Amino acid sequence: MHIPDGYLSPAVWATLDGISAATVGITVKKVSRDLDSSKVSLMGLMGAFVFAAQMVNFPVGGGTSGHLLGSVLMASLLGVGPAILVMTVVFVVQALLFGDGGLLVLGANLFNMGIVGCLLGGAARGVAGRLNSEILYSLATGAAAWIAVVAGAALTSVEIGLSGHAPLAVILAPMLAVHAVIGVGEALITVAAMKFLSVRGIARAAQVLRKV
Amino acid sequence: MKNLLEKLVLLVLLVLALLPFASSHPDGLERVVHRLGIGGASPVSYAAPLPDYNLPGGGSSPAASLLSALAGIALTLVLCVGMGLYLRTKRNSDG
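Heads up: the sequence lines are chains A and B, in that order. Quick note: the first sequence uses my numbering, first residue 1, plus one each step. Quick note: the second sequence uses my numbering, first residue 1, plus one each step.
Because the hints were derived from the structure by calculation, they are not lab data. Hints should not be assumed to be uniformly reliable.
Result set (BS3-like, lysine-lysine): computed pairs, CA atoms no more than 30 Å apart in a straight line [said to hold, decoys possible]: (1) B/K2 to B/K90; (2) A/K195 to B/K2; (3) A/K195 to B/K7; (4) B/K90 to A/K29; (5) A/K30 to B/K7; (6) A/K195 to A/K30; (7) A/K30 to B/K2; (8) B/K90 to A/K30; (9) A/K29 to B/K2.
Treat the numbers as computed from the prediction; the structure is a model and nothing was measured.
For reference, chain A alone in the conformation it holds in the complex (with noise of 0.2 Å):
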C-alpha cells in the first residue's frame, strides 16, 4: 500500500508530512522521557522483523497480493511512542533505499500505514490489563489489526481522491473490498506473533508497572 511519488498533489503530501512530523517531534519528546531501557534492543529485532516481514506479499486471490504492517504488532509489543519511532525508521529505510513509497509521500505512507496502526495497537494493548481472557485480548488485537488496514486502505483513498487523480467514490469501494482481504492476513500474522512471544504478558506487566 506504499504510495509512489506523483500520486498525491502538493497541498495533500504536505499536509501529510506536517500530520506526521509533528507525530514524530511530539513522540521522540515523551519517549526521551520515559524510555525503558530494556526495550532498545527490542526496538531493533522488532524494526527488523517488521521490515523483513513487508518484503514477504502473500497472495490475496485475483493476481492481487499483501503485505504486513505489522503497526499493531509492534505497539502491542513496545508501547505506542517507541512503536511510531521505530515504524518511522522502517518506511525512511524502504523510500531511501529500496525507493519503495515515494519521498515526498513519506508522511503520508508513514501516518496510513504506521501512526495509525500504532495508536490502535496501543488501544489494544491497554485492553490487556482489564482484560483476562486470552481469547478476548487476541480477539481485540487482531481486531485492531484488520482495522488498521482497512483503515490505511481508506485513508489511501482519501488522499487519493482529494488529489484529484479519481473520484473517491470510484477507489474507495476496490480498495477497501481488496484491504478487507488483507487485513485477514494482518489479524493472523499479528496475533500469531503475539502469541509467539507472549505479548499479552508483557502488556499486563507494563500496565501494572504504570499503576505503581
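Put chain B on the given structure of chain A with help from the hints.
For chain B alone, coordinates are given in the frame of chain A:
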C-alpha cells in the same frame, strides 16, 4: 527478556526463509490504481541504491532479494538501536 529477543531473532530468520515464496503479484493499491489508470509522473527523480529490493540495473532474483533483505534488516536494526540509545542517554542527562 533474553527469551523474547531470541524469539524475535527466530521470527526474522523465519521471514527470511519465506522470502523466496513471496508473491510477486501487485499489491492492493498497485492493483487498484493500475485498473483505474490513476497516477501521474513522479515529480522527483530519485534513484534508490537497491530499487524495488533488486540490484541496480539487474532484474529481480532470489539472491538480490535476499541481499536487499539483509541490507534493510541491518540498516533498520542499527538505526533503531542507535535511536533507542540516543533517546535513553537524553533521558538520563535530562533527569
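What hint numbers does the structure not satisfy?
-> Violated hints: none; all satisfied.
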